[in-house]
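> Listed in order, the protein sequences are those of chains A and B. The first sequence: position 317 = 758 (this note's numbering), numbered continuously. The second sequence: position 26 = 467 (this note's numbering), numbered continuously.
Hint data in this document are derived by calculation from the structure and do not stem from the laboratory. This one's a predicted model, so the numbers in the text were calculated from it and none came from an experiment. Don't take each hint at face value.
If chains are identical, the list can't say which one is meant, so a pair holds when it fits in one copy or spans any two.
Derived DSBU-like pairs (lysine-lysine); straight-line CA-CA distance at most 30 Å [stated by the list, open to error]: (1) K614 x K755; (2) K505 x K475; (3) K814 x K511; (4) K511 x K719; (5) K507 x K764.
The lines below spell out each chain.
Number of protein chains: 2
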Amino acid sequence: MGTALNALIERGAALMCWADPFFPDPVIPEHVKKATLEAIDVGMGSHYTMPIGNGELKKEIAKKLKEYNKMEVDPDRNIIITPGSDSGLLFAMMPFICPGDEVMVHEPSYPSNFLNPKLLGGVTIPVPLRAENNYQIDIEEFEKRLTPRTKMVLLTNPNNPTTTVFRRECLEKLAKFVVDNDLILVVDQAFEDSVFDDIEFVSAATLPGMWERTVSVFSISKGMSLSGYRVGYVVADDKIMDVMYGCAVNILGATNTASQMGAIAAISDRSFVKEYNKIFDKRRKVAYEVFNSIPGVSMAMPESSFLSWVNISKLGTSAEISKYIIEHANVVVNEGTPYGASGEGYLRVVHGCYKDDNVLYDALARIKKALTKLAEEKGVQ
Amino acid sequence: MGTALNALIERGAALMCWADPFFPDPVIPEHVKKATLEAIDVGMGSHYTMPIGNGELKKEIAKKLKEYNKMEVDPDRNIIITPGSDSGLLFAMMPFICPGDEVMVHEPSYPSNFLNPKLLGGVTIPVPLRAENNYQIDIEEFEKRLTPRTKMVLLTNPNNPTTTVFRRECLEKLAKFVVDNDLILVVDQAFEDSVFDDIEFVSAATLPGMWERTVSVFSISKGMSLSGYRVGYVVADDKIMDVMYGCAVNILGATNTASQMGAIAAISDRSFVKEYNKIFDKRRKVAYEVFNSIPGVSMAMPESSFLSWVNISKLGTSAEISKYIIEHANVVVNEGTPYGASGEGYLRVVHGCYKDDNVLYDALARIKKALTKLAEEKGVQ
Ligand SMILES: Cc1ncc(COP(=O)(O)O)c(C=O)c1O
Ligand SMILES: Cc1ncc(COP(=O)(O)O)c(C=O)c1O
């Protein structure tokens, strides 16, 4: 860990700045732990799997894709296992992006999305989502930015940091835009496991005309809380896969063997995800109450995951307020600005950390106390 | 695994085609196993490490670099942990290669080396190594191919498939060539752990003028036989690292947490590597005897690792003879051609597989019997 962060940890700061559920507490479901330990203990854990992934894992993923995502795929043709979805995301874009190609990235969005097109020689075109619109897609904002060099749309659904679950009607419009303009969609569904309030979750690849032009990227890091396992997967049609197969070893290398055994257990019995979601559901409501009770501070109810996207603009900038919170509440949160220009005036607060609810509630109470005092000093009501 | 390969496994074929030591038998040193299991068991295994790697692991690597490689580095500045060295290799090249840049790749060489420059929009320039020259570097072959677009030399040292350990005088000439022409060297030292006959192993980064223009790539997959752990590391000077830090998460993502704990154990106590090397040393001598006793077949004594590079050109092409060996000896070996054009007429045979020497010796005996019969039929003496 960084030395600055280390110093904060040493003085007992609460870390609400990593999208790593329950960090730093140990949380692995028993059946997942057992499968992982066994792989190491009987020794296969030291050997490579096939670079594109363990066949049994791909079968389990295909079952889950059918059940949860309504995607019917051939496990031997349409899935590549990746060492986490970070490398999976860049890998998903690589076959398509030539120097100068434009990639539309909604903002706010996961920070890597803004750098990834540039790493491939492409150009990032930020497309604003607006709080007034609940951060849903405004297709006119995409249409306005279309050029002959537009090649791809990057979508994070559900979104990080806003937790927005993109609604079917938005996605349908986006799909039509992608099809009509012969684009590629790369959709990052890392947060798909934790969607609340019975909001319908739609996998973009299932929309008309989209299967053959969508690369879907998944992860077991978030809703399954297995970040350190480093297992993700990429799903696409045969034609795209034919290209990806040819360079998977070079770009990704094989994925960790024991983790893939653990992932088989996790994906074939996902009941623990429901338990986690109960915890995240309870906590989002607490975070919502706490932040909205601070003068000058507000947040919308999170639609998914374990993140709070908090408007602190009446009190100061993202940098000022996050610094203030470290100093006066001993809590580390994320500034909003890395998530896009419109993130100024916002903080991202990970309310999914720590196992014990009370550790989290204490930290939230400290933030409330500090910011309430600050609001008072500033005369903000 | 591929379906064709699965069919071969089902009929009991011996697999001497993966550079995965002792495959498929379970071989993890006790202290490594313990550290790995503990990481899962106490639960940290489910959480991310910092994307650039566990700090303690980097300290152990720095100690090892000093002892074994004579490289003095700052663990907090000059090392990035990678999810295996395959992705590490491409990552090492990425900051330097612009479209059209030429990358010199000796051949024979690790197959990924030929594709990697192209994946980055560059051009691969194969540079021949010759059997008559013991596959050492002939600097004139490099000089002849120098153009204004030459940007990088890729070096696999020790080499796969030839097992060549590049000698100091060769490397000094190559270093001078790199410095004089303002090039970058990416050196893959995945096989450095297993060098025989007291041949001096020289890390290219230690040569005059090379530290600031060398990216060294390492792995625990080969000599340490921990392929499924997916841990590698990249070492470079501060200036290069500053660029790499900025894109490590996007390109690589974090490395598996439990594996990094295992790697700390493995790298801090490397005594097991000596034991493995005794096994590989014994086996290379057996392989050498067996292959050289077959009419029309020859190989040089391997200088490193657990690979035999076998000249079968008097009997047929690589494709013909590898197919013949599957059919008549029930053993799967590698054709020589993926390792470069001069690999035609050669086979790569992994004599490091299986724990039990006798399984290997049996397979070698079957190959000998089959090829001896073929030689007889063809009248080759
Ligand atoms: C939206 C999103 N996608 C992908 C990732 C990468 O996750 P991983 O590489 O652990 O699968 C993250 C991690 O924070 C994320 O927030
Ligand atoms: C020369 C060489 N470098 C790198 C690798 C990749 O190894 P890993 O990704 O397991 O570290 C291999 C694997 O066969 C290899 O032979």
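> Does each hint fit the structure? Answer for all of them.
Hint by hint, here is what the structure shows:
no.: 1; hint: K614 x K755; verdict: neither (34 Å within a copy, 65 Å between copies)
no.: 2; hint: K505 x K475; verdict: within (21 Å within a copy, 33 Å between copies)
no.: 3; hint: K814 x K511; verdict: neither (49 Å within a copy, 57 Å between copies)
no.: 4; hint: K511 x K719; verdict: within (24 Å within a copy, 54 Å between copies)
no.: 5; hint: K507 x K764; verdict: neither (45 Å within a copy, 40 Å between copies)
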